[in-house]
Amino acid sequence: MLREDAVWEDGQPIQAQDFVYAIQRLLDPRVASQYGNYYYSMIIGGGADLAAAVDADEATIEQLRDGVKVRAVDDRTLEVTITQPSTTFNLLMALWPTAALRQDVIEQHGDIANSAWTEAGNLVASGPFRLAEWNHGSSIVLERNPNFWDEEMTPVLDRVVFQIIEDENTAFSAYRAGDLDAVQVPATDLRSVAADDSYSDELQRVPLAVTTAFGFNQTHPPFDQMEARKAFCQSVDRATLVNEVQQGSGVPTTSWLPQGLDPFFVEDRGEDLAFDPDSALQLVVEPGSSRAAYPAVKFSYANVDPNGTRVEFIQGQWKEHLGIDVQPDPLDPPAFDEAFFTGNFDLAFIGFGEDYHHAENWLLLWTSGAMPGGYSNPEFDQTVEEAMNESDPDEAVELWQEAERILIDEDVAVCPLFVHENVWLVKEYVRDFIMTGADGHAGDFFYWKTAILEH
Amino acid sequence: MVRAATIARPQEAQPLAEQRSLWGDALRRFLRNRLAFISLLVLLSLAVAAVFAGQIAPHDPNAQACTTGALRGSSADHLLGTDATCRDVLSRLIHGARVSLSVGVFTAVAVFLIAVPIGALAALSTRLVDNLLMRLTDLTYAFPDLLMIILLSRVLADTAVPGGSVTIIILAISLVGWVTIARLVRAQMLSQREREYVQAAEAMGASRWRIALTHLLPNSLGPVIVAVTFVVPQAIFAEAALSFIGIGVTPPQATWGGMVEAGYSAVYSVPMLVVYPAVAIAITMMAFTFIGDGLRDALDPRTARRLPGRTG
Amino acid sequence: MTGYVLRRLLWLAPVLFFVTLITFVLMHLVPGGPWDTKDRPISPQLREQLESKYGLDEPVWQQFLTFSWNALHGDLGVSFQYQDRSVTEIIREGVEVSAVLGLMALAFALMVGVTLGVVAAVKQNSPIDYASVFLSTFAASTPSFVLGILLIVVFAVQLGWLPVFGWEKAWWLFPNWKQAILPTVTLGALPAAYVARITRASVLEVLQQDYVRTARAKGLHERLVLGRHVLKNAVIPILTVSGPIAASLVTGSFIVETVFAIPGLGKQFVASVFQRDYGMIMGTTIFYAAVIAMANLVVDMMYVVVNPRIRY
Numbered sequence: 003m004l005r006e007d008a009v010w011e012d013g014q015p016i017q018a019q020d021f022v023y024a025i026q027r028l029l030d031p032r033v034a035s036q037y038g039n040y041y042y043s044m045i046i047g048g049g050a051d052l053a054a055a056v057d058a059d060e061a062t063i064e065q066l067r068d069g070v071k072v073r074a075v076d077d078r079t080l081e082v083t084i085t086q087p088s089t090t091f092n093l094l095m096a097l098w099p100t101a102a103l104r105q106d107v108i109e110q111h112g113d114i115a116n117s118a119w120t121e122a123g124n125l126v127a128s129g130p131f132r133l134a135e136w137n138h139g140s141s142i143v144l145e146r147n148p149n150f151w152d153e154e155m156t157p158v159l160d161r162v163v164f165q166i167i168e169d170e171n172t173a174f175s176a177y178r179a180g181d182l183d184a185v186q187v188p189a190t191d192l193r194s195v196a197a198d199d200s201y202s203d204e205l206q207r208v209p210l211a212v213t214t215a216f217g218f219n220q221t222h223p224p225f226d227q228m229e230a231r232k233a234f235c236q237s238v239d240r241a242t243l244v245n246e247v248q249q250g251s252g253v254p255t256t257s258w259l260p261q262g263l264d265p266f267f268v269e270d271r272g273e274d275l276a277f278d279p280d281s282a283l284q285l286v287v288e289p290g291s292s293r294a295a296y297p298a299v300k301f302s303y304a305n306v307d308p309n310g311t312r313v314e315f316i317q318g319q320w321k322e323h324l325g326i327d328v329q330p331d332p333l334d335p336p337a338f339d340e341a342f343f344t345g346n347f348d349l350a351f352i353g354f355g356e357d358y359h360h361a362e363n364w365l366l367l368w369t370s371g372a373m374p375g376g377y378s379n380p381e382f383d384q385t386v387e388e389a390m391n392e393s394d395p396d397e398a399v400e401l402w403q404e405a406e407r408i409l410i411d412e413d414v415a416v417c418p419l420f421v422h423e424n425v426w427l428v429k430e431y432v433r434d435f436i437m438t439g440a441d442g443h444a445g446d447f448f449y450w451k452t453a454i455l456e457h
Numbered sequence: 474m475v476r477a478a479t480i481a482r483p484q485e486a487q488p489l490a491e492q493r494s495l496w497g498d499a500l501r502r503f504l505r506n507r508l509a510f511i512s513l514l515v516l517l518s519l520a521v522a523a524v525f526a527g528q529i530a531p532h533d534p535n536a537q538a539c540t541t542g543a544l545r546g547s548s549a550d551h552l553l554g555t556d557a558t559c560r561d562v563l564s565r566l567i568h569g570a571r572v573s574l575s576v577g578v579f580t581a582v583a584v585f586l587i588a589v590p591i592g593a594l595a596a597l598s599t600r601l602v603d604n605l606l607m608r609l610t611d612l613t614y615a616f617p618d619l620l621m622i623i624l625l626s627r628v629l630a631d632t633a634v635p636g637g638s639v640t641i642i643i644l645a646i647s648l649v650g651w652v653t654i655a656r657l658v659r660a661q662m663l664s665q666r667e668r669e670y671v672q673a674a675e676a677m678g679a680s681r682w683r684i685a686l687t688h689l690l691p692n693s694l695g696p697v698i699v700a701v702t703f704v705v706p707q708a709i710f711a712e713a714a715l716s717f718i719g720i721g722v723t724p725p726q727a728t729w730g731g732m733v734e735a736g737y738s739a740v741y742s743v744p745m746l747v748v749y750p751a752v753a754i755a756i757t758m759m760a761f762t763f764i765g766d767g768l769r770d771a772l773d774p775r776t777a778r779r780l781p782g783r784t785g
Numbered sequence: 002m003t004g005y006v007l008r009r010l011l012w013l014a015p016v017l018f019f020v021t022l023i024t025f026v027l028m029h030l031v032p033g034g035p036w037d038t039k040d041r042p043i044s045p046q047l048r049e050q051l052e053s054k055y056g057l058d059e060p061v062w063q064q065f066l067t068f069s070w071n072a073l074h075g076d077l078g079v080s081f082q083y084q085d086r087s088v089t090e091i092i093r094e095g096v097e098v099s100a101v102l103g104l105m106a107l108a109f110a111l112m113v114g115v116t117l118g119v120v121a122a123v124k125q126n127s128p129i130d131y132a133s134v135f136l137s138t139f140a141a142s143t144p145s146f147v148l149g150i151l152l153i154v155v156f157a158v159q160l161g162w163l164p165v166f167g168w169e170k171a172w173w174l175f176p177n178w179k180q181a182i183l184p185t186v187t188l189g190a191l192p193a194a195y196v197a198r199i200t201r202a203s204v205l206e207v208l209q210q211d212y213v214r215t216a217r218a219k220g221l222h223e224r225l226v227l228g229r230h231v232l233k234n235a236v237i238p239i240l241t242v243s244g245p246i247a248a249s250l251v252t253g254s255f256i257v258e259t260v261f262a263i264p265g266l267g268k269q270f271v272a273s274v275f276q277r278d279y280g281m282i283m284g285t286t287i288f289y290a291a292v293i294a295m296a297n298l299v300v301d302m303m304y305v306v307v308n309p310r311i312r313y
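Chains as they are written, first to last, in this note's numbering: chain A, 3 to 457; chain B, 474 to 785; chain C, 2 to 313.
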């Protein structure tokens, strides 16, 4: 059911038909949507067939689109039929890929897969702000949407300008010079900024639902043995990683699910994986063997800041506590993705940022065959399956927790390291700059209340 | 003809004698040049430090002393402080000399060995060969260096190249960097070729190759040597730039370029971290520059004649 | 001379062809493809979709022919990363920025470099000579990102005279002059130093020439000696290097564009290499190759103007 007063920024009412179009387009093979394929094609009735019709001709595609079980019962009612019962589908529908779209606007600028409609001046959206300018590679300017339908959330600000600056130092310099009102604090400067009194009123921190970890290739030695995985995990001093290398940004963790993912998060998850170099050493050095016999392993990672520093630290930890020389393997992001997703690695530095706030999002990743590295435990799969189908919410929570227990405590399928934190400096004259814990997606910041005071 | 040869011979003997003393003279003049001499000493001590890094450095360059902490300033135990993963900066600086100097010097050598023959050949050969070679330089120069460097490092990464990523970087930088020197060599030789003394030598019946080797080449080399000494810091920078982009020497190996890049990230909290390796690079650079100048002055006999007894 | 120019222009075609071919091959050999930049695993199905959409499922040689054919008709394809925006359009936007920045840096480098070099050479071994050598060495020994942040900290943050970043067109293609200063100086510093040294070496060499001595002996005023004889002949090595310098400055400097957040082509190209955006890589490479080849041609033509004794 849609709100009565919901309108697009040009004044036209938002209709159920707009959602139908959006979902059909999401699954359309010509659009080749990554999220569409990943999250939605299986759950929405008829979606899988449409998404699979890669080389089909237009007529077939049109037919399959009509076969997708989404329809507008009337202008204000949307009906979606899903393939199996799901407790999380409403969360999925709340994400941005299923946001309503204006068919007339998109078709005005090209075929169904065109992107010209996203340019400033063409785009028609329905939020508190509208896209005024998009200077590629340079800046994005938002202006208040005069037709925004929610009185309460109408923004105070007239404009918000996002400056696209890749270099952290430059952005920080700009903040200090007064050219920017808010900036993300570079990881390497956090301690000096936090210690500096003049910044104390400007520093804002929020934990993110993003966990960083390292994964194992469990299809061949040495990490096909749980003991090896546990040893490598126990020998990393997470507290030092966070406090020294990351200058205090983030929270060490041994749990795959982040804190804040209530009610699924368990406080002492993975406590056996906490830093314990002696225990780790024992696991690695069997009586009669030597560490030198340990096979050479590479630690692959995507070569973007700040991964390098963290990887170097971790590698140093293994050298120090286990006496094992792991070779850091920096790869360009596409090369890393290719290597990772084809299982061509020994150890991989990975992370996951939540898309929707549910254990399902985090744990489905580990079902057999889903995550590269070859982790496969039928017991885990079954527990996840049961949890997804369980209708009693409390039972479901217990099942999800059991699943994570198998994943972490029993199998050490992955070694969680820390949970991220968003650290920003915001000028004192900016009031109500609200940050959320969502991972860099649409919900990252809420600007509608933000106001600028006299300065 | 026979008569001409008889007359020419006693005069031929002289150039040979001059030639021996030309290089000998050059060496003496070079050594008398104070700046060049000091620079040579500086470089030699850097080289010694690089070779004996293991003995000289107070700590293991990759040891993470996190009890002291990361990005700390100087202390008794860590004279220049610690870097982002708690490693001793001074030790890394000393060990870094090894890689950075190798990259600089070997790249310059490689560039010289590639560019001079090509440039000389282009200047001396037929128009067709010249054209082909110059198009080759155009081709190489037009080439996207970054793509070449990424490819080389990826392709060679799986094979065990002696020296690892350092060798790969040297190869990659020299393969894209020889062009300017080659063009310079060619231009110099072309211009020298029109000089009177060359025409005189030709008239005396000296062969083209003798002219090339004994007259054209040495007299062309002045600006070429200056340019090649610039290749050393260019190579060290290229290494720093590659580290900035993220495709430098594989960690955790300490290199000055990598340290400059890491220090750059922390420039607001620990500015000295970028200064130390930058100063190291600057000193090395200046040293090579003055040596290059000294060489140029030493090789050009007329400079010495113009300033009798004065050098440097 | 016209014949020469025409012949050079004809040579452009095979050069561009080989650059395209080699780039194409290299690009496909490097691990990782354009679809590997997504954070989620890409299903075989989705990969198939994308590949068929962009024609990447055809055999490589066929893709190359398709691309070449299109390129000859002026169609450089679309960018994979930027949602089908035309490569030509993206390049044009980037060039408008990078070319202006590059030309300004070149002007800076030439003006400052030649001046310093001539002054240093004429007043050889004086304090001015030493000072300029030191200054140019310092500029040449600081990696551009270090110089950049230094200038930002001093002039933008501490003094507040200039903005930290940005590039907005103010008059035709030229930016707001305040935004232009720091990036131009940062980008032009290294070439300026290089030009200064080459100039100095070259002028010194020319000053030793006999005809200069003759001119002086004739009683010619020093200024005339400099202007009429020395500069004209000293200019050759400067010309040699200014060609490649111009080309590399105009085709964008990734580092300066990153540090000053300037939306230029250099930054774009590096990003597209890392994202394996085949469309952008090919288009930009061809564009670069053409620019560089033209720059070299112009430089060669200038040789003839300056030194009529050089024959082609």
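No wet-lab data here; the hints were simulated from the structure. Computed from a predicted model, the values in this text were never measured in an experiment. We put the CB at the ideal spot given by N, CA and C, even for glycine. Some clues are possibly wrong.
[Stated by the list, open to error] If you anchor each label on the Cβ, the simulated ranges turn out as follows:
#1 C/Trp173 <-> A/Val158: 49 to 55 Å
#2 A/Glu60 <-> C/Pro60: 40 to 46 Å
#3 A/Ile436 <-> C/Ser87: 52 to 58 Å
#4 B/Ser598 <-> C/Trp162: 53 to 59 Å
#5 C/Met112 <-> B/Val602: 34 to 40 Å
#6 A/Asn92 <-> C/Phe175: 51 to 57 Å
#7 B/Met677 <-> C/Ala291: 56 to 62 Å
#8 B/Ser598 <-> C/Ala291: 24 to 30 Å
#9 A/Val158 <-> C/Phe18: 34 to 40 Å
#10 B/Val602 <-> C/Gln210: 27 to 33 Å
#11 C/Trp162 <-> A/Trp119: 38 to 44 Å
[Claimed, not checked] Pairs of lysine-lysine residues, derived as BS3-like cross-links and limited to a Cα-Cα distance of at most 30 Å, are as follows:
#12 C/Lys54 <-> A/Lys429
#13 A/Lys300 <-> A/Lys232
#14 A/Lys71 <-> C/Lys54
#15 C/Lys179 <-> A/Lys429
Problem set entry | Which numbered hints fail | 1, 2, 3, 7, 9 and 12
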